[in-house]
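Asker: Our numbering puts the last residue of the sequence shown at 236; the count rises by one with no breaks.
One should not assume that every hint holds.
In silico lysine to any residue, SDA-like type, Cα no more than 20 Å apart, as pairs [what the hints assert, rightly or not]: (1) Lys73 / Phe159; (2) Lys73 / Arg151; (3) Lys73 / His160; (4) Lys73 / Asp157; (5) Lys73 / Leu92; (6) Lys73 / Pro158; (7) Lys73 / Met155; (8) Lys73 / Ser145; (9) Lys73 / Phe139; (10) Lys73 / Arg147; (11) Lys73 / Arg166; (12) Lys73 / Asp162.
Keep in mind that the hints were calculated from the coordinates and are not lab data.
As the structure is a prediction and not an experimental result, all values here were calculated from the model.
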Amino acid sequence: MRLLPPRHPLKRGEALSPKWLTPKWPAPRWLRAMIAPLKATFRALGPGSVSSVLKVALDVAYILLWLITGLLLLLLVAAVFIPLDNVNITVSGESGGRQLPLTRMLLLFGLGAATAYFGGFMLILRSLRRIFRTLTMGDPFHPDNVRRLRQIGLTLAVVTGGVWLAQGFVAARLAPGVMDPQGLGELLTPIFSVLIVFVLAEVFREGARLRRESELTI
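Can you build the whole structure from these sequences, using the hints too?
Answerer: Okay, structure coming up:
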């Protein structure tokens with residue numbers, strides 16, 4: 019059975035505008051003149067749209083995270099050779115603070131955890147930048163976006179689980195009685211965030227399938 023194409027299909031690269039900016043009645047000329055610049059401002063897709071502005075913000079954040087991750091990597095390498103004689107750190111919590119000797123293993127653990135944390139979010143921003151690149155091109159349901167969303171969900175799950183384990187290790191081994199141990203209840207919000215990302219990936223997968231079927235039918 020052949021599916022009929024829509025009467026006014028949206029061409030690739032054409033921008034979308036919110037429905038509330040499109041009146042359902044024959045609007046006067048003065049009203050159309052007022053709505054026209056708003057449509058150009060609030061476009062969802064295409065060049066000069068909201069997605070292109072968000073992509074610029076993501077580019078800036080990605081560069082900053084890249085610089086921070088690179089600096090942490092350099093510090094991680096330098097920590098192998100830095101002398102640590104009579105150096106203490108203070109671990110503070112709700113019940114007070116405690117001084118601990120700064121050993122090389124502790125320093126490497128802290129720098130390695132921070133590097134993995136910022137590196138994980140850098141990978142997430144890299145996938146988001148590529149998704150928003152397809153949005154600025156007017157092609158949101160690109161097949162690669164499904165894989166990118168799944169990568170974001172997996173990376174977010176790994177980063178969240180790593181932070182939870184690292185905090186539990188510090189509370190139990192390094193500062194017992196000073197920091198409170200992590201509970202399973204603190205994982206509920208990150209788990210829901212990861213599930214939402216995977217649900218969005220399935221929505222994009224279905225959208226890519228419908229777009230492919232529509233192209234084959236037309």
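Asker: Among the hints numbered above, which are violated by the structure, and what are their numbers in rising order?
Answerer: 5
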